[in-house]
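Protein chains: 2
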Amino acid sequence: MPNYRLQIAYDGTRYNGFQRLKENEMTIQGKLEHVLSLLAEEEVEVIASGRTDKGVHARGQTANFHCVKELKTNRILEHCRKYLPQDILVYGVKKTDERFHARYLAKTKEYVYQIDNRTYPDVFQREYRWHIEKPLDLAAMEEGKAYLLGEHDFSGFTSLKSKKKSFIRRIDSIEIRKNKGDIDLIFEGNGFLQHMVRIMTGTLVEIGLHQRKPEEVLTALEQKDRTLAGETAPAKGLFLNRVFYD
Amino acid sequence: MPNYRLQIAYDGTRYNGFQRLKENEMTIQGKLEHVLSLLAEEEVEVIASGRTDKGVHARGQTANFHCVKELKTNRILEHCRKYLPQDILVYGVKKTDERFHARYLAKTKEYVYQIDNRTYPDVFQREYRWHIEKPLDLAAMEEGKAYLLGEHDFSGFTSLKSKKKSFIRRIDSIEIRKNKGDIDLIFEGNGFLQHMVRIMTGTLVEIGLHQRKPEEVLTALEQKDRTLAGETAPAKGLFLNRVFYD
Numbered sequence: 074m075p076n077y078r079l080q081i082a083y084d085g086t087r088y089n090g091f092q093r094l095k096e097n098e099m100t101i102q103g104k105l106e107h108v109l110s111l112l113a114e115e116e117v118e119v120i121a122s123g124r125t126d127k128g129v130h131a132r133g134q135t136a137n138f139h140c141v142k143e144l145k146t147n148r149i150l151e152h153c154r155k156y157l158p159q160d161i162l163v164y165g166v167k168k169t170d171e172r173f174h175a176r177y178l179a180k181t182k183e184y185v186y187q188i189d190n191r192t193y194p195d196v197f198q199r200e201y202r203w204h205i206e207k208p209l210d211l212a213a214m215e216e217g218k219a220y221l222l223g224e225h226d227f228s229g230f231t232s233l234k235s236k237k238k239s240f241i242r243r244i245d246s247i248e249i250r251k252n253k254g255d256i257d258l259i260f261e262g263n264g265f266l267q268h269m270v271r272i273m274t275g276t277l278v279e280i281g282l283h284q285r286k287p288e289e290v291l292t293a294l295e296q297k298d299r300t301l302a303g304e305t306a307p308a309k310g311l312f313l314n315r316v317f318y319d
Numbered sequence: 074m075p076n077y078r079l080q081i082a083y084d085g086t087r088y089n090g091f092q093r094l095k096e097n098e099m100t101i102q103g104k105l106e107h108v109l110s111l112l113a114e115e116e117v118e119v120i121a122s123g124r125t126d127k128g129v130h131a132r133g134q135t136a137n138f139h140c141v142k143e144l145k146t147n148r149i150l151e152h153c154r155k156y157l158p159q160d161i162l163v164y165g166v167k168k169t170d171e172r173f174h175a176r177y178l179a180k181t182k183e184y185v186y187q188i189d190n191r192t193y194p195d196v197f198q199r200e201y202r203w204h205i206e207k208p209l210d211l212a213a214m215e216e217g218k219a220y221l222l223g224e225h226d227f228s229g230f231t232s233l234k235s236k237k238k239s240f241i242r243r244i245d246s247i248e249i250r251k252n253k254g255d256i257d258l259i260f261e262g263n264g265f266l267q268h269m270v271r272i273m274t275g276t277l278v279e280i281g282l283h284q285r286k287p288e289e290v291l292t293a294l295e296q297k298d299r300t301l302a303g304e305t306a307p308a309k310g311l312f313l314n315r316v317f318y319d
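Chains as they are written, first to last, in our numbering: chain R, 74 to 319; chain B, 74 to 319.
Misleading hints may appear alongside valid ones.
The list treats identical chains as one, so a pair stands whether inside a single copy or across any two.
What the hints assert, rightly or not - Below are the DSS-like pairs computed for lysine-lysine, each with C-alpha atoms no more than 25 Å apart in a straight line:
#: 1; residue 1: K127; residue 2: K237
#: 2; residue 1: K253; residue 2: K238
#: 3; residue 1: K145; residue 2: K207
#: 4; residue 1: K155; residue 2: K207
#: 5; residue 1: K238; residue 2: K286
#: 6; residue 1: K167; residue 2: K207
#: 7; residue 1: K180; residue 2: K207
#: 8; residue 1: K234; residue 2: K309
#: 9; residue 1: K238; residue 2: K104
#: 10; residue 1: K253; residue 2: K167
#: 11; residue 1: K238; residue 2: K309
#: 12; residue 1: K286; residue 2: K127
#: 13; residue 1: K297; residue 2: K95
Hints are computed from structural coordinates only; laboratory data are not their basis.
One chain only, chain R, in its complex shape (with noise of 0.2 Å):
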């Protein structure tokens, strides 16, 4: 059965998150189903990458779909610009192996939290960047991200609701970029757990505020502690921008 592969930006403002759970809830998952099920002349299931929460973007999701009928790449593209709504977008597809699953195959993903830290917030902004009124020390959060990089159990730093049966991730990378007002923290690594980025995010801004010390990210790693670790960091300023495969 053919198998398509997208490439999706969407803005999370107005959904209830990537997974579709009721009938005519707001969900990326839910539109694009809908959209896609239209032109494949049956109902077909969008496997995405991950699923993403409520409020929160993503500028490279990635996803794939089966479907008996053959379809041409660029008949899905026109279809998905015609009748989805305009936050979200469909960029890529192409036809790829059977077997490709977004899921199960993904190896390491990019999320950026992004951070408005101007002393009065950019207005056009608002929607995407968490507005930290006072400045961040930069030098403290490279000290703490520090403890972040590398394999490590992330239960201190995930929700609490988590029901996963391992909680061990690798951080490949971390980087703090400034640009102007503009923060922007880029993870990467091979999996995250629900709110992770979020958690980690808020912990780096209570250092970067002198709230917190740096160590005391280690602290809560060894003590798989959520109570140890910072704020969960909203919503609005996290991106998903890349999904890497082999």
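Given chain R, work out where chain B should sit, using these hints.
Quick look at chain B alone, frame taken from chain R:
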């Protein structure tokens, strides 16, 4: 009577333009006057460098207001921050000469028109850039723009509803700046008629798409004929960036 000068940024998306016309209409001026009047304990009038149309944004609108009560500038900033909606920001206040008048004394203004020239639009800039799918020929646009520089009668480049006494304006510079898929047209001049920046942009875009020749700018200027210029670019891409005073 004390006179206060304000620097204001706003996202015009939700508003019916700057100027207060009817009671209870959504306007920037209406919001500012409402919030400042509470603080001043009298009905204040906010005088801006100029009105912006429905849907047009500002990064550096300048305005002033008089009131009897002496106000601390920090108090004005805090009050505005607390009571204005998130899409209007007063980020600068200073007490100024009693005779300062934001409209009469404005010397030049800088407007930016933002275009998204990617094949697929940037989802996160969809409210702030005009999406042009086909690649624009910037060299042709540079040629066309040259005719606009200097002092001209811009009757051909304004809304037909305009009832100004003089249509003569001076354009000091137009810069075409490209950064990846983003194209910004930066206009500086001593005054702009209604829709003038949007009509100049629409005309330059048609030149960039080879739907129109650069020389046609000259014809539209000389003939003073609106029908010889290009379409009016959408409001959402236009920003009042800065206002210059002596």
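Item to check | Violations among the numbered hints | outcome: 2, 5, 7, 9, 11, 12 and 13
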